[in-house]
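Spelled out, the chains give:
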Amino acid sequence: MKFGVLVFPGSNCDHDTYNVISEIAHQPVTFLWHDSEDLQNVDAVLVPGGFAYGDYLRTGAIARFSPVMQAVKRFADAGGIVLGICNGFQILTESGLLPGALMRNAGLKYICKQVHLRTETTNSLFTNQLTKGEVLQIPIGHMEGNYYCDAETLHQLESEDRIAFRYCTPKGEITREANPNGSLENIAGILNAGRNVLGMMPHPDRSSEKLLGSADGWKIFSSMVNALATR
Amino acid sequence: MTTAPSSGQSTGANEENYVAPTPATVTPELLAQHSITPDEYERILTALGRVPSLTELGIYSVMWSEHCSYKSSKVHLKRLPTKSGRVVQGPGENAGIIDVGDGWACAFKIESHNHPSYIEPHQGAATGVGGILRDIFTMGARPLAVMDSLRFGPIQRGSQADDLVSKNHSIVEGVVSGIAGYGNCFGVPNLGGETKFEPCYSGNPLVNAFALGLVKIDEIFYGKAAGVGNPVIYVGAKTGRDGIHGATMASEEFKEGSEQKRPNVQVGDPFMEKLLLEACLEAMKTGAIVGIQDMGAAGLTCSTCEMGARGGVGLDVELDNVPQRETGMNSYEIMLSESQERMLLVAEKGREKEVLDVFAKWGLDAVIVGTVKPESRLRIRHHGVLVADIPNESLTDDAPIYHRPVGEWSAPVLVEPSDDAQVALSEPRNYTADLRKLLASANVSSKRWVHEQYDTMVQTNTVQGPGGEGGVMRIKGTGMPRHERGLAMALDGNSLWCYLDPKLGAMHAVAEAARKVALTGATPVAATNCLNFGNPEKPEIMAQLSAAIDGIAEACTALKTPITGGNVSLYNETRGEGIYPTPVLGVVGILDDVTKAVPADFQRSGEAILLLWPIPRAEEPNPDLKVPFEPLPISQYPLPALEVKPRDEAEPEGTEAETSADLIAFGSSEFAKVVLGSIWGRPPALDLAAEAELHNLLGILAHKKLISSARDLSDGGIAVALAESAFSHGIGATVEQEPALMANPLFGVFAEPASTVIVSAKQANISEIQKLASESNYFSARIGATGGDRLELSIYGDPVISASVAELKEVWASALESALHDEVTA
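Which chain is which? The protein sequence lines are A and B, in order.
Heads up: the first sequence runs through residues 1 to 231, numbered per the UniProt record's numbering.
Heads up: the second sequence runs through residues 1 to 826, numbered per the UniProt record's numbering.
Chain B extracted, bound-state conformation:
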């Protein structure tokens, strides 16, 4: 602590007529209600030098909650890379900021609203969007786009008990309508994101909201109070009793009866938020605002002590001046309310009126509630009586930090396939039927039902909306006329892979989010993360968290996408059952000319389809690698061994059967889960250096306008990638799969190898693409051509998938909606 006394008397006690806040009657029950441990209470006594008042106890309770203090994750988060030449603001502010060129910067961040979205899906999700938007515009940035990473329990009948599935349906409906209702009214386009389903999210859905905004690089605002004597102004919605202890609730596991916490969920008003946006941006233009911060989690408490702490000053606030929606609120309620659409700002003394006039124009409350003081203390008065007097740092920088025991985590999943799966793998299969099954599965199927409810086009900047790889936005007023700069963004996470291997899974999340951005032709430059995990008091959960952070750190370093901020959501457990470890990554990239953005879908018939995949490092050093790779005609490839034999016949006696890397990785595929109903193995290998080279290569291909579309092999492998590329314009494809990738033909069609993409291109561009690919240490093989209205995939001339694009599309497009409308008729 820098300014607070180490023990004993509060500094205020030296003042004349000082009356310390009335001490609360502290009992173990009271502490338990506030989720404060006996040790933490001792720390409070030391920091204050006296027994806290009830209001002070409430303030400590929310500021020291996991949600606000990051007390379990902080020591690990320090390992994340946070700097680069582009980073203007890293973690610790309301949002991270990067320089995007031409005098512009972008602020972006992702945040969770998981717990509220389970208790009250519509409002929980809506206020999640509202909260992240305020984080962006409090920095002076006008929100340009939002995206969401959503995870729900299964929605297909028969996958879980009927009541759970029905509950999941209502959560999906509520969350999507909440996001839509808020963002649409506010007027920010939603570029989609991801919507995934796993059984572990029944009872604990994840709603991670991402927002990005634009600000002139010399007009950024910070959440920092300064200037002794300056007025503290409260603006926006009135304070009510909603959301009290929301942050504390979000830091506990759900138990039976958690639905009773519904009053802890805030109610959003997007119209109010829209007015607040316009008024704040206009007020900032006056030049009279010193610092500004939104009131999100922990409301007035968090904004007052954080703004003071960042500026090394204190805020002295009289609660009688706070606009109130309800009568008879006490100081505890006012300080802990999480009413939405409120901001706190510090203005220059003498220029208050300029600021107040702007808010009056927009019909918003704006009231001076306090003053900036030299001492770094939070002082709250109610009816003139001091009710809280706390050193700022004890609430922020000096909040408890836990080195929680980090145990071992090993997924209870076999490395090798079960005997049943072995048999299924070696049996002849109908690949077309398998593809249909994948296209109809919850994770692969079209999310049109979700994103059609979102306004994806408002602000007239959306170059690529939902449904492709990354979203792409034009930045008006930059670059050359009609060739403005663009920003690409994508969210990604693969919780099953993180469950199987938290570190590798997290690396994949970074790589895939960055790849989606790179596929549009943009250069990935920075990232934000949302870490959704279970109860950190369990050593195995800490093991997952620690390993995932290691993975993110390694991948973000290799891919030059530092983390500029984010959010940690722990205690994602219901009735003792944790979710899969779910780190979600948001990556932002820059396009120098947005007209060069590459779509994910086939654009025209008669173009070549090329597969690009990394040349294995094991083959180095190989002087031939510098020579442009010339693929053999397909007919000249030797036939590899196709059979995966049941274990007992696989190897001669005496040698331990060594399961191939491809087979181990295949167990983590969507195919294994959906078609074989089995999970085994580990995620595919990931070579980060090769991944970085791919991103660079994709940028060059886009810049030189050599490719018409680009998509990676992810859920469902090349079969799904080709089908999805065909759907948008109804352009089919005829493809001979590249045999060099395969040990088993099944893997060649449905495996999900990392750093592997398909591009379509004019025939004339093939040789240049192949030259550039080989210079980036990538194999490139021309595997087919676009055209026709069918998807034809063959291996060694044998057709394995043959179906009309329209028929496949119907399966893919209708699956989600029909599952949601599939009610129990009993």
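For reference, chain A alone in the conformation it holds in the complex:
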């Protein structure tokens, strides 16, 4: 099992994501440079947080044109596992691998803090180690995390059980107060139709060690490791 972490100019959680795989999951992992279409035979692609190409124009808008993303699209279409975190989620929506868009936070400011997420589905490669309704404490750190999609897409996401996480209170209630950025229906993470691509704004890479305040995010990586091991 081999993981690949994409590196765009401006990625800044690439080392953090790499570190979780190498030091905590103890799995092989490599960096994948943005201007190559060679995915080096990895079994899973991680699109890390940061500011790819400076996020100028619009978050993820330039990254979608990079050579590596053309390869990632083909990889995902063939059923390859792709996890996009934060800027990675933004890049996946811009690339068309996930529906909807991430707009400027409702409060118009960057927000970095611990939030709570309710697990909405366990039927995925990323959530198989979780229980439905399980509340995770995972931090966010973004300016554009306000998820939006049209009514038809929302209906599809809901009916196909593709909403992975919603922002919630520590007790698991989905309330307006628990929504940090104005996301539609408190959506924090969604799956693609094939359930092999997950995009999420909160950072499991920043919550995989107790030392850093929470190890809840580790369950997402461990689900991936489990899925790959049994594939």
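Please note: incorrect hints may appear among the correct ones.
Computed footprint of chain A on chain B; a stretch qualifies when at least three of its residues, placed anywhere within it, have a C-beta under 8 Å from a C-beta of chain A [claimed, not checked]: (1) 177-187; (2) 703-712.
Calculated cross-link-like contacts (lysine to any residue; reagent style SDA-like; alpha-carbon spacing at most 20 Å) [unchecked claim]: (3) K113/A <-> H729/B; (4) K809/B <-> L820/B; (5) K447/B <-> E817/B; (6) K361/B <-> D38/A; (7) K771/B <-> P616/B; (8) K476/B <-> A215/A.
Note that these hints are calculated values from the structure, not bench results.
Note that the coordinates shown come from a computational prediction; the quantities given were computed from them, not determined experimentally.
By construction, the Cβ of each residue, glycine as well, lies at the ideal position given by its N, Cα and C atoms.
With the hints as your guide, set chain B onto chain A.
The following block gives chain B in isolation, referenced to the frame of chain A:
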């Protein structure tokens, strides 16, 4: 001067076909525009042996500016301690470096960006962060954390004229968004720092940015040119006309119309900086880089002459090769531009390509612009024509040094409280209401609104982020697995205390910054300082500066935290009004096992709360001190005299009323300022030996895992310390205040004595804590317990503060944001 001729001809004149730079038409107006005095101009004539060209005049103007030359402060800065077994690099380089063990070193420094942040808050603050980050990674260190010490004018409506308050709001918004925008994109966690408000910062905010990075101890790079014939390479952003004369602007007082200097403020591009970081660190790994320095203040001028001077060589540069953003720039503009995100490096001849390839990979400009020459001269050509030819040392080591007149400083503040304050002190008070008022005050209230805009967690090393005492970072790859080493860091300054007593106030700044570090369990090992003062041409300002430096020197020596670098920012005056003297200290400490870091907040209910404070030296020598101190049950303490009587009835006739030390110190407290609306007295006394013992004691308590939390008594005294400890986890406390501290119960609740901390601990650990405390000459009293959802504080069984933690927290948490959003509706 070592290599330049003492007078007469330039050495270049001996060369064939030598054509000296075209002399400028020097008029008094031209010199005034360049902030060069007639005496300084005479020195330039002597150094060059001829009339300078306009470009040369510009070069001297920025290099001899206060900002670059430290000409007013240099003679005083020499008194600072700069050495210890841990110091690898002291002042004089881009940043100081200390050995943190296991083959790692850390580079850190603090720098001001005050003037630009007033003129254009967002970009001024952003480029302040950018500049300090380059200072760190130019030494080969990857930035691990940043913090900021911010000071603004009042933001609460009614505290100053509406237009000033509105302007302060926009400065706060702009500065915070600038810091956030730059650091977040760059990818370095911000651990907070401090955000303070005083009327003197309206029109002159302070933005002091601190950064710290990690480097392998044998892979440090220096800003030193070497190797005659080696290529000089320019990398990073293109040069534009932005920021010309920024350093000179930062060395003047603000007058009406200073906003017109906006083009002097640079514009930052954090994405470019991120690429520059990665490319520089990767290029350094090739082994082909000899020396490297960032282009910050005074841009290409500063980097070329400083690198040459440090290496005793000269840099010969052709400006046609400098990547330019605008057309038609002349040599003066190119040399003085402060365009951001640029570096200058010297590579090994023959290995240029290895370096250039790395920068090409990251999509950055990297161009050979010159060559290292044997003579220690800065030679600049433009279109092949020599436009500057200056001995390096005349710009750096031999820059003017002023022994400015040092006058007297005495704050125009009474030592004793005013009659009104006396009355207020002796009247019965509602302490809970007073506490609410303090919690809602600008300085005490939560700074969540500020630090939630910062990425505090990127790089996955943040063990303690903003909001506690010191920030704590894990150092990956050190120590034992899952028990890595840690670095703690804190910024502190108390400008009101420095205003009342610059020396003592500065000592407190060192002590408190080091204490915040020690409270996390770390051993404070080194410091950096940012000295923000007014106009040094005024003798009373020099008196403040000189006294503050004395205080820092004394405290840093006693606490074994040498100064490894920093920055001086003078001329912080607007329309003739100076700021409070504001030395800001950054202290760094080491934790051998980061999992033992102690938080500031109560962790669980049912634990004991202990107060630790130094046994007064006056009681020595006392053989009993070596015996573990056993506090009396609270009920057995005798009742002290509580009343502070109005002066006319205080003492019998014939004896001059002697104001107690506690009363004098109370006048410098947040309580006096916020609740009584009055300032008097002097800062609290500080015993540096006791402070050092406290830091040692806190380290032992953390190492032995005896305490669950630790916090010092600072702004708002024990009442605020207890409330803040309760907020994070909503764990309340019931406390009987230790009467031995008090002359007046008010002091016991709101005074801010130095070297005094509260810790929470398991009941089983109390006796060992008390034994260790007494061995460190500290009193320790069990004053209460954690638990419940209320804060209950009583004195002699009388409840004086009683409130729900949630209610107090609401007051504290919402104050800053509501003040900022409080617009004038008229």
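So, going through the hints one by one against the coordinates:
Counting residues of the segment 177-187 of chain B whose C-beta sits closer than 8 Å to any C-beta of chain A gives 7, which meets the bar of three, so the coverage hint holds. Only when three residues or more bring their CB closer than 8 Å to a CB of chain A does the claim for the segment 703-712 of chain B stand; here the count is 0, and the claim is violated. Using a Cα cut-off of 20 Å, the hinted pair K113/A and H729/B holds, with the two alpha carbons roughly 15 Å apart. Annotation: proposed proximity of K809/B to L820/B holds, straight-line Cα distance about 18 Å (limit 20 Å).
Of the supplied pair hints, the one linking K447/B and E817/B holds, its CA atoms being roughly 9 Å apart against a limit of 20 Å. Using a Cα cut-off of 20 Å, the hinted pair K361/B and D38/A holds, with the two alpha carbons roughly 17 Å apart. A hinted pair counts as satisfied when its Cα atoms are at most 20 Å apart, and K771/B with P616/B qualifies at roughly 17 Å. The hinted pair formed by K476/B and A215/A meets the criterion: a straight-line CA distance of about 17 Å does not exceed 20 Å.
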